[in-house]
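Participant: Sequence:
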Amino acid sequence: MKPSFYEEHPDRAFRLGDVLTGFVLCNVSMASPLGRDTRHYKYDINVVRPEYVVVLTPCCSIGDRMLTVSPLADINPTFLKNGYLGEDLTRVNREMMPEQAVPQDIWHKLPEKERQKRLQIGKGYAFVEQFVYEPHGLLPEYQLDTPKGKIRSSFYMIDFRRAYRVECDKVIGANDVPIAAKLLQVSVAVREELRRKLAKYFSRRPKEDEVQLGL
Numbered sequence: 001m002k003p004s005f006y007e008e009h010p011d012r013a014f015r016l017g018d019v020l021t022g023f024v025l026c027n028v029s030m031a032s033p034l035g036r037d038t039r040h041y042k043y044d045i046n047v048v049r050p051e052y053v054v055v056l057t058p059c060c061s062i063g064d065r066m067l068t069v070s071p072l073a074d075i076n077p078t079f080l081k082n083g084y085l086g087e088d089l090t091r092v093n094r095e096m097m098p099e100q101a102v103p104q105d106i107w108h109k110l111p112e113k114e115r116q117k118r119l120q121i122g123k124g125y126a127f128v129e130q131f132v133y134e135p136h137g138l139l140p141e142y143q144l145d146t147p148k149g150k151i152r153s154s155f156y157m158i159d160f161r162r163a164y165r166v167e168c169d170k171v172i173g174a175n176d177v178p179i180a181a182k183l184l185q186v187s188v189a190v191r192e193e194l195r196r197k198l199a200k201y202f203s204r205r206p207k208e209d210e211v212q213l214g215l
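When we follow the numbering used here, the leftmost residue of the sequence shown carries the number 1, and every step to the right adds one.
No lab work stands behind these hints, which were simulated from the structure alone. Watch out, some of these pointers could steer you wrong.
[To be verified] Taking lysine-lysine pairs in the PhoX-like style, the calculated list, with each CA pair at most 20 Å apart, reads:
| id | residue 1 | residue 2 |
| --- | --- | --- |
| 1 | Lys200 | Lys123 |
| 2 | Lys117 | Lys182 |
| 3 | Lys123 | Lys113 |
| 4 | Lys81 | Lys2 |
| 5 | Lys113 | Lys81 |
| 6 | Lys81 | Lys170 |
| 7 | Lys182 | Lys200 |
| 8 | Lys207 | Lys123 |
[To be verified] Each pair of labels, with its calculated beta carbon distance range:
| id | residue 1 | residue 2 | range |
| --- | --- | --- | --- |
| 9 | Lys109 | Pro3 | 17 to 25 Å |
| 10 | Asp159 | Pro3 | 32 to 40 Å |
| 11 | Arg165 | Leu138 | 41 to 49 Å |
| 12 | Asp159 | Met96 | 29 to 37 Å |
| 13 | Asp159 | Gln100 | 15 to 23 Å |
| 14 | Pro147 | His9 | 36 to 44 Å |
Note that the structure is predicted; figures quoted are calculated from it, not measured. Backbone N, C-alpha and C define an ideal beta-carbon position, used for all residues, glycine too.
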């Protein structure tokens, strides 16, 4: 039986995976890095206030007025091209067999040698940078453009590549936080899925490193 995605009775603390509201985020965009002798700086500072953010700081590291978060965003329409994922979008959060990770038509078009190579590697993530959140009554439905047209969806996702550090005087420790900002808490099982996927995301090695390490 599939475990509950959200806790019915959230803790009065911030946890990894929590959905929060009320945080302002900032990032810098530039055409290229500034040189040591650069005199004319050309960059943009972007300030946004997403409706919801997700805590990416591990539970035991929350505090010291710092928090790492990622905006909760509309799902990636590409998910819906894969029938296996379309049946349950939270499958994105878990490892799957190679033939499940791509649409069936693409799988069957792969050369036999490539299919066998992937099967030998075994289970893995289809979208290692992203994590899906189930619908909840507190999260509004939205319109999504898909290859088959516009649909209504209540699923959301985060992208690990879009992580922001927020400094907030009220974030003293995991149990000493502005609890009114907390909207939802994921279950222990889902938090473990997020933890494992984050670990995989950060622990991937490029081929050249594997060669150097003899792996």
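Participant: Give a verdict on every hint.
Facilitator: Okay, the hints, checked on the actual structure:
no. : hint                         : in the structure
1   : Lys200 to Lys123             : holds, 12 Å
2   : Lys117 to Lys182             : violated, 45 Å
3   : Lys123 to Lys113             : holds, 17 Å
4   : Lys81 to Lys2                : violated, 23 Å
5   : Lys113 to Lys81              : violated, 24 Å
6   : Lys81 to Lys170              : violated, 43 Å
7   : Lys182 to Lys200             : violated, 27 Å
8   : Lys207 to Lys123             : holds, 18 Å
9   : Lys109 to Pro3: 17 to 25 Å   : violated, 35 Å
10  : Asp159 to Pro3: 32 to 40 Å   : violated, 24 Å
11  : Arg165 to Leu138: 41 to 49 Å : violated, 25 Å
12  : Asp159 to Met96: 29 to 37 Å  : violated, 19 Å
13  : Asp159 to Gln100: 15 to 23 Å : holds, 21 Å
14  : Pro147 to His9: 36 to 44 Å   : holds, 40 Å
When the structure is compared with the earlier hints, violations turn up for hints 2, 4, 5, 6, 7, 9, 10, 11 and 12 and for no others.
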